[in-house]
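Participant: With the hints as constraints, model all of the structure from the sequences given.
Chain by chain, the residues:
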Amino acid sequence: MLGTGIIKGMVETARNFVGSYTDEARLTTSEYPEEKLSPKENARTFPFLVFDTTDSAAGLRCVACQICEKECPPKCIYIEKSKTKKPDYTGKPQLFPAVFDIDISVCMSCQICVEVCPFDAIKMDQAFELSTSDRFGGLLLHKEDLAKPNDYYISIHPSEAREVDERLAAEKVKAEAKAKAEAAGSASEPKPAIAPTTKPAPAQPQTGASATPAPATT
Amino acid sequence: MDQIDQIFVSLKHWAVHFFPAVVQPLVSAGLSIAALIATFGSIFAITTWVERKALGRIQNRLGPNRVGPFGLLQPLADAIKMLTKEDIVPVSADRVVHYLAPFALIIPVSLALAVIPYGRNMAPVDLDAGVLFFFAVGAAAEVAVFMAGWSSRNKYSILGAMRAIAQMISYELPLVLSTISVVMIVGSLSLVKIVEAQNHFVLGFLPGWHVLTPWGFAGFVLFMIAAAAESNRAPFDLPEAESEIIAGYLTEYSGFKYALFFLGEYWGMFAVSGLAVTLFLGGWTAPFPFLVWVPSFVWFFAKLGALIVLFIWIRGTLPRLRIDQLMSFAWKFLLPMSLINIVVAAVWHFAAGWSFPLASLWRWVLCAALVAIPYLSFGRAMAGRRRFPKRVYQYAT
Chain A
0 MLGTGIIKGM
10 VETARNFVGS
20 YTDEARLTTS
30 EYPEEKLSPK
40 ENARTFPFLV
50 FDTTDSAAGL
60 RCVACQICEK
70 ECPPKCIYIE
80 KSKTKKPDYT
90 GKPQLFPAVF
100 DIDISVCMSC
110 QICVEVCPFD
120 AIKMDQAFEL
130 STSDRFGGLL
140 LHKEDLAKPN
150 DYYISIHPSE
160 AREVDERLAA
170 EKVKAEAKAK
180 AEAAGSASEP
190 KPAIAPTTKP
200 APAQPQTGAS
210 ATPAPATT
Chain B
0 MDQIDQIFVS
10 LKHWAVHFFP
20 AVVQPLVSAG
30 LSIAALIATF
40 GSIFAITTWV
50 ERKALGRIQN
60 RLGPNRVGPF
70 GLLQPLADAI
80 KMLTKEDIVP
90 VSADRVVHYL
100 APFALIIPVS
110 LALAVIPYGR
120 NMAPVDLDAG
130 VLFFFAVGAA
140 AEVAVFMAGW
150 SSRNKYSILG
160 AMRAIAQMIS
170 YELPLVLSTI
180 SVVMIVGSLS
190 LVKIVEAQNH
200 FVLGFLPGWH
210 VLTPWGFAGF
220 VLFMIAAAAE
230 SNRAPFDLPE
240 AESEIIAGYL
250 TEYSGFKYAL
260 FFLGEYWGMF
270 AVSGLAVTLF
280 LGGWTAPFPF
290 LVWVPSFVWF
300 FAKLGALIVL
310 FIWIRGTLPR
320 LRIDQLMSFA
330 WKFLLPMSLI
340 NIVVAAVWHF
350 AAGWSFPLAS
360 LWRWVLCAAL
370 VAIPYLSFGR
380 AMAGRRRFPK
390 RVYQYAT
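Chains A and B are the protein sequences, given in the same order. Residue numbers for the first sequence follow numbering that gives the first Met the number 0, beginning at 0 and rising by one. Residue numbers for the second sequence follow numbering that gives the first Met the number 0, beginning at 0 and rising by one.
Just to be clear, a hint being listed does not mean it is correct.
Derived DEER-like restraints, expressed as beta-carbon distance ranges [stated by the list, open to error]:
no., chain 1, residue 1, chain 2, residue 2, range
1, B, 32, A, 102, 50 to 60 Å
2, A, 25, B, 341, 42 to 52 Å
3, A, 102, B, 78, 36 to 46 Å
4, A, 114, B, 322, 38 to 48 Å
5, A, 114, B, 87, 40 to 50 Å
6, B, 76, A, 73, 33 to 43 Å
7, A, 17, B, 241, 27 to 37 Å
8, A, 44, B, 78, 28 to 38 Å
So these bits of chain B aren't anywhere near chain A, every CB distance computed over 10 Å [unchecked claim]:
no., residue
9, 29
10, 44
11, 172
12, 242
Hint data in this document are derived by calculation from the structure and do not stem from the laboratory. Cβ coordinates follow ideal geometry from the N, Cα and C atoms, glycine included.
Facilitator: What follows is the structure, given as structure tokens:
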């Protein structure tokens with residue numbers, strides 16, 4: 000009969016109306032400022048810079064290679080390379096960003112900077128309470144605002160961070176082994192001038208395993 | 000009890016008698032206007048709160064709960080926000096018409112509110128042709144809507160205004176035709192007389208409201224559907240369908256003018272609800288004989304509130320119609336049904352003279368059948384058209 004559907008619908012909405020008062024479980028929303036739901040693991044807002052150890056300046060993984068700056072579609076990253084070098088996590092001297100700015104009013108959270116970073120230095124954050132009274136200065140994040148410890152990264156993206164940590168640890172072990180081999184080689188060899196050409200030969204396949212496919216693909 | 004019932008009437012008489020006889024009519028009118036604006040202004044504020052709260056609960060949300068206890072001060076916060084907002088007029092807009100449109104809506108709507116009897120002796124203006132006056136000024140609201148859409152010089156605005164005109168003119172017909180049956184039975188266009196005609200009890204305990212007769216019930220349903228469309232309420236909110244045309248004719252309005260439009264639309268809804276209460280729900284009359292001691296204006300506003308809640312409930316339930324569904328519903332269902340209803344009212348009127356046993360029962364059954372049979376057959380015809388043939392996929396393998 001015409002109109003029965005409307006009656007059924009109105010009964011349903013009335014049930015919702017009464018039910019929302021009697022049954023707390025029906026309420027699908029949470030009262031935000033008092034009651035905060037933790038974001039999902041894959042949630043992302045804006046990028047941040049990861050640093051190891053406790054020193055945000057010395058432990059910064061970023062080597063100012065500027066790949067993210069070039070790849071960023073809305074061009075919201077600004078990097079200035081340093082004049083000096085500092086050792087990275089494997090002890091190798093690397094450049095570091097003297098200036099690293101992200102304008103989060105421009106950033107579109109596409110995660111491309113994270114995808115292209117070869118050093119696992121830039122990752123996506125989950126902080127979303129970023130409102131500010133200064134819409135120009137307040138939304139331009141500098142290196143100091145962006146640098147966050149690796150523990151924080153582990154806390155927001157646990158599974159992704161575990162994978163990154165394992166990879167970095169493996170590379171570090173590899174680098175240490177290489178350094179040790181080099182050190183042992185330079186110590187045992189009487190002629191250091193020939194050492195680089197002859198002695199790294201056994202060590203070459205070790206590092207070459209990961210290094211050789213790269214030229215092959217390019 | 001009579002004193003409480005007539006308290007506003009006597010207060011006005013007492014206040015007016017301080018003035019010289021020459022200005023007394025003016026003072027009296029001014030007092031009525033002030034009372035109307037104050038009453039309906041506060042009902043508007045409460046309605047916005049009730050609406051947001053009820054819609055929230057219908058969707059299993061909490062609704063406004065930040066400003067004041069239970070969010071009760073939310074209308075106040077909204078009002079402050081509206082008043083302090085920047086008033087933006089588009090560069091290419093017709094400034095004069097754009098400025099006048101909100102007032103062109105408010106004025107007819109408040110005029111329509113003036114003829115409704117809010118209680119015993121409480122009609123601000125008792126016109127002999129109250130129903131006619133109501134629809135005459137109500138039709139002027141369409142001009143305001145079109146002024147707003149046209150002057151904004153915005154495609155969304157003009158689309159919304161065109162839709163509003165098409166919709167309001169189409170639904171004006173069933174709205175007026177469904178009231179004709181009441182006018183036929185009562186024999187008067189005066190809203191005060193229409194209420195008086197319902198101020199009796201059938202069998203000693205049932206109210207003599209028109210809604211409790213076959214033609215009155217059908218008329219009430221038709222009237223409420225048409226009234227929802229007239230006041231641009233969901234599911235007939237096509238003129239300001241925000242998911243399709245931003246806000247329709249309101250797109251280019253901001254700040255106080257937007258608030259005025261909003262107020263005008265709600266007052267329009269109150270006016271048609273008040274008219275529905277007057278025509279079908281017995282106006283200010285009590286539902287049962289043992290409740291006649293309750294002041295008459297309490298009954299009127301209780302019924303008005305019930306109809307407003309019904310509008311909110313329907314808004315929370317039904318999705319928006321498509322424009323072709325809207326038009327075919329008006330012209331192919333509401334209009335024929337309201338024409339049939341006029342015939343039913345005529346049968347009801349002449350069957351009052353029957354003098355065989357159980358005549359009143361037979362009158363009831365005959366009129367109910369005359370309403371129900373066309374309704375069911377229309378429903379069947381509309382449902383039948385929805386049968387689709389089995390889909391054949393020509394190119395899929």
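Participant: None of the hints should be skipped; say for each whether it holds.
Facilitator: Each hint tested on the structure:
Between residue 32(B) and residue 102(A), the C-beta spacing of about 56 Å keeps the proposed range 50 to 60 Å intact. The hint said 42 to 52 Å for the Cβ distance between residue 25(A) and residue 341(B), and at roughly 46 Å that hint holds. Between residue 102(A) and residue 78(B) the beta carbon distance is about 37 Å. The supplied range of 36 to 46 Å therefore holds. Distance hint check for residue 114(A) and residue 322(B): the Cβ-Cβ separation is about 46 Å, which falls inside the suggested range of 38 to 48 Å.
Evaluation of the 40 to 50 Å hint for residue 114(A) and residue 87(B) yields a pass: the beta carbon distance comes to about 42 Å. With their beta carbons about 36 Å apart, residue 76(B) and residue 73(A) fall inside the hinted range of 33 to 43 Å. At roughly 28 Å, the beta-carbon separation of residue 17(A) and residue 241(B) lies within the given 27 to 37 Å, and the hint holds. For the hinted restraint 28 to 38 Å between residue 44(A) and residue 78(B), the CB-CB distance of approximately 35 Å keeps it satisfied.
Non-interface call for residue 29(B) relative to chain A: holds, since the shortest CB-CB distance, roughly 41 Å, exceeds 10 Å. The beta carbon of residue 44(B) is kept farther than 10 Å from every beta carbon of chain A, the shortest such distance being approximately 21 Å. Against the 10 Å criterion, residue 172(B) stays outside the reach of chain A, whose nearest CB is about 20 Å from its own CB. At roughly 19 Å, the least C-beta separation between residue 242(B) and chain A is larger than 10 Å, which holds for a residue marked as non-interface.
Every hint, counting from the list given before, is met by this structure.
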